Amino acid sequence: MGLRKVAVVGAGMTKFVRRAQETAKELSYQATHMALQSCELSMDDVEAVCLGTAPDSFDGIHMNGEYLSDGAGAWRKPYMRSYVGGGTGVFVPIQGWYHVASGLFDVVLVVAEEKMSSYYPHAQAAFLTIFDHTTERPLKPNLLWIFALEMNRYMSAYGIAKEDIARVSVQHKRNAADHPAALLGDADITVEDVLNSEVLAWPVQRFDVSPVSDGAVAIVLAAEHVAKRITDKPVWIEGVGWSLDTAHWTNRDLVYPRYVEYAARMAYEMAGVKEPRKEIHIAEPYDPFDYKALHHLEGLQLAERGQAPQLYIDGVAARDGDMPVCPSGGLLGVGNPIAAAGLMKIAELFWQLRGEAGARQVPGQPRRGLAQAWGDLMQVGTVVIMGR
Amino acid sequence: MNQRVAIVGIGWSGFRPLTPEVSYKELMYEAAVRAYADAGVDPRRDVESFVTVAEDFHEGTSIFDEYTPDQLGAVLKPMHTICGDGLHGLATAYMLISTGQFELVAVEGHSKASNILTLPEVTAYAQDPVLNRPLRLNTHFVAGLEMHRYLYETGATHEQCASVVVKNRFNALSNPAAPYGANLTLEDVLDGPPLSWPLGRREAAEHADGAVVMVLANEQRARFLSDKPVWILGVGWCNDSPSLESREWAQLPYIQKAAHMAYRQAGFSNPRGVVDFAEVDDLYAYKELQSLEALGFFAPGEAGPLSADGFTASDGELPVNVSGGSLGFGHLLDATGLARALEVVLQLRGEAGSRQLEGVEIGLAQSWRGAPTTSGAVTVLSN
Chain B
1 MGLRKVAVVG AGMTKFVRRA QETAKELSYQ ATHMALQSCE LSMDDVEAVC
51 LGTAPDSFDG IHMNGEYLSD GAGAWRKPYM RSYVGGGTGV FVPIQGWYHV
101 ASGLFDVVLV VAEEKMSSYY PHAQAAFLTI FDHTTERPLK PNLLWIFALE
151 MNRYMSAYGI AKEDIARVSV QHKRNAADHP AALLGDADIT VEDVLNSEVL
201 AWPVQRFDVS PVSDGAVAIV LAAEHVAKRI TDKPVWIEGV GWSLDTAHWT
251 NRDLVYPRYV EYAARMAYEM AGVKEPRKEI HIAEPYDPFD YKALHHLEGL
301 QLAERGQAPQ LYIDGVAARD GDMPVCPSGG LLGVGNPIAA AGLMKIAELF
351 WQLRGEAGAR QVPGQPRRGL AQAWGDLMQV GTVVIMGR
Chain G
1001 MNQRVAIVGI GWSGFRPLTP EVSYKELMYE AAVRAYADAG VDPRRDVESF
1051 VTVAEDFHEG TSIFDEYTPD QLGAVLKPMH TICGDGLHGL ATAYMLISTG
1101 QFELVAVEGH SKASNILTLP EVTAYAQDPV LNRPLRLNTH FVAGLEMHRY
1151 LYETGATHEQ CASVVVKNRF NALSNPAAPY GANLTLEDVL DGPPLSWPLG
1201 RREAAEHADG AVVMVLANEQ RARFLSDKPV WILGVGWCND SPSLESREWA
1251 QLPYIQKAAH MAYRQAGFSN PRGVVDFAEV DDLYAYKELQ SLEALGFFAP
1301 GEAGPLSADG FTASDGELPV NVSGGSLGFG HLLDATGLAR ALEVVLQLRG
1351 EAGSRQLEGV EIGLAQSWRG APTTSGAVTV LSN
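Chains as they are written, first to last, in our numbering: chain B, 1 to 388; chain G, 1001 to 1383.
Calculated directly from the structure, the hints in this document are not laboratory data. None of the values given here were measured: they were computed from a predicted structure. Here a beta-carbon is modelled for each residue, glycine too, at the ideal position from N, C-alpha and C. You may find that some hints are simply not true.
To be verified - Stretch by stretch, here's where chain G covers chain B in the computed footprint (C-beta under 8 Å, at least three residues):
no., stretch
1, 102-114
2, 169-175
3, 260-274
4, 283-290
5, 369-382
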C-alpha cells in the first residue's frame, strides 16, 4: 500500500534577530502570513495547524501552545503542538506530514516560533531545569558545559583539530551573508577570528556557537491532488524519521549520535535512498555548534566516522561543492531561534529545490535535500528528506 | 490510509490523590507494562512509535520529553510529545497508523499533580501575561465567569449543575480506580464553600495522580492481537480563541467543531440514538451540561433539566460519566482524556465490573484542557 504523497507548497520566515520588538504571537502571524501569501492561499483554505515551539520557560507561559494558537492561525481549527526539544523545528513538519498522510486533512499549516529574548538576562538559564532533578541539577550544569564535553570527546576520539572544526563556523557564517533574514552573516570571517574568540567552556568558543535569537518560520503542506492545483513546483516530502535515545545521557558514548543514524535510516528507507552520499544533493544538518554539523553529517551517513571535517577541507560542503552543507548559513549564521531554526532548514530546501534561493542558490538544479535537527539531552534526531 | 485503527491494549495505574511511594516514571512504567501485557506485545520488539502528552510546567522540568522514553521501552524509537490532552495523543497515534507507516503505536498520559506544591500559581502562568495575569486571579475565575454566562443564556440552574456532582461522585463508588466516590445530596454540594461565584468548591474536580497507556494497531494487527479490539470510528479536536476578551462564553464552538469532525469520520451527524454512552468533560460540574449540548446530544438549555431528571444516570437513556468522571476519579491533568477513553474501552469490552452497561456498542469520549484554554478533543469508539 502506497503512502499518501505530501508536498510543501509555500514557505515564509521572519528575520532572525537578537531581540524582536514583536511578541511571539506577532512573529508567528508574520511568518504564517508570508507562507500563505507565497502560495496564494488564505486561512480559509487551511484545515489544521501544527505548531512547534521549544520550552515554555522562554516565554514564562504555561501551556504556551494554547497561548500562541491565534497568532499561528489556529482559531477554530484543529490544532496541536508537538515537542521534541531542540529537534522540534524538523519534527513539526513531520507532524504536518502525518496530518496530511493520514488522509484526515488536505492542507495543513506548519508554524515554528521561538522568542528567546523574553528570558532575562539570558535564555541559557532556562536550560538549568532540563537536567535530572536529583542527579544533575544540583551541579548547576548548563548547555555549554555538556556540549563542551561532547565536542572534546569528538575531537579526542578522532584527533580532530580545532582549526578544522572552525572551518564549519566560517563557511556557514559566510553563506549566511547572502541570507536576507540572517542575524550573523559575515562574508569576511576567518578561521583565526573563530579561534581568537572568547572561550566559553573549553573547547567551545563564542564563534563556535549559534546566537540566541527570536524568529518564526511557517510552511504550507498539501496532499498530492491539492498541491498540483496550488503550484507548478511542489516539493515533496519523500521521507521522515525520528528517534529518541535514553535520558541517561551520561551512560552513552557521546562520540557518535546513534539516534541521528536511526532517524536517518528510517527516512532513507521511506524515501528509497540507498546511497545517501550520492542521492542527497543538499544537506542541512543541525548546527547550533560548529562541531555538531560534523557530528550529524556522520550520523546521517553522509561522512565516515571522524571524516566529516574533510568535506569542508576539500570544498565538498561548499555552496558550489558536490554536496553543499547548510547553504542557508545554518544556525551559526542565520540564527538559532530553536524551533524556528529547524523549520528554517526545511524552508531553505523548499527554496533551493525550486531554484528560488537567490544569491544562496546551489548550482546544478539539485533534486533532493535533507534537513535534520537534534535536541533534548543530546538525545533526539529528526530528519526530513525533500525532493522535487 | 483508509485503514481501520483499534485500541488493542490498555493499562493504568492509580488514580489516587497522593502517591508518595512512586515517582511519575514508576506510574508510567506500571501503566505501560499492563498495557503491553494486555495487548500481548513487547515494546522493544513490536511497538513502532510512541506518543506522550505532557506540559513542562506540570512536570517541573523544561523540555520534559527527554524523560519519556526509558520507562515506556521507547529508547531509540520514534517517540514524540504532544502538548495536549490525552485525546490529542490518541488522535496523534491514530494519524500515525493511518499513514500506513506504522502498525503499532503506544500513547501515554500521566499526572503527578500531588508533586506540584503551587498548582494554582502554575496554572495562573497560562493566563495572558499582559492582559490577565496582572489581575492576580486564581484561574478558577475563568470557570466562574463561563458558568455564569452559561446559566444566564440557557436558563440552566445551579441545582442542575449540582445534580451532576451528585451523579458522578455516586457513579465513582462503583469504580475501583476512582478515589472521590461519595453519596452526596444536592444540599451537600450547594452548601459547600464557594470557589468563584457562582461556582462552588464541590463542583470542581480535585486533582489525582495516575497514568494511562494505550496500544493502538492497524486492522490487520488488531485482529491478530485481540479478541476484543475497540475500533476508533472518529477523532476530532479544535481550538477557539485563547483570549478571554474575544471568546464565545456560553457555548463551546471548539467542542462542536471537534465533534463534527469525529462524527463525519464515523459516518453520522447526530449522536442521539447512535452513541450509547459518553464520558465527557466535567472538570467543573457545569461543563458536563455545556459539553453535552456542544456535542449535540441536547439543544442548548436542555442538558440541565434532563440531567436533573436522571436522563444521564447510569440507568438513564444516555449514561454519562459512568466512571465517575473527573469529579469522581480526579483531575488527571493531561491524562484526563485518556482516562475517559479508558472507561469507554472497558465498557465496550464488557470489563467494567459492577458499573457495566448492558449492550453498549458505541461510546464517546470528550475532553477539555481546563481553564483558561479553549482546547478540546473528541473520539468515538466502537466494539
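The hints, checked one at a time:
1. 102-114: The restraint on the stretch 102-114 of chain B holds, since 3 of its residues have a Cβ under 8 Å from chain G and three suffice.
2. 169-175: Three-residue rule not met by the stretch 169-175 of chain B, so violated; n is 0.
3. 260-274: As far as the stretch 260-274 of chain B goes, the hint holds, because 4 residues have Cβ atoms under 8 Å from chain G.
4. 283-290: Coverage by chain G is violated here, the residue count being 0 at a Cβ distance below 8 Å.
5. 369-382: holds (count 5)
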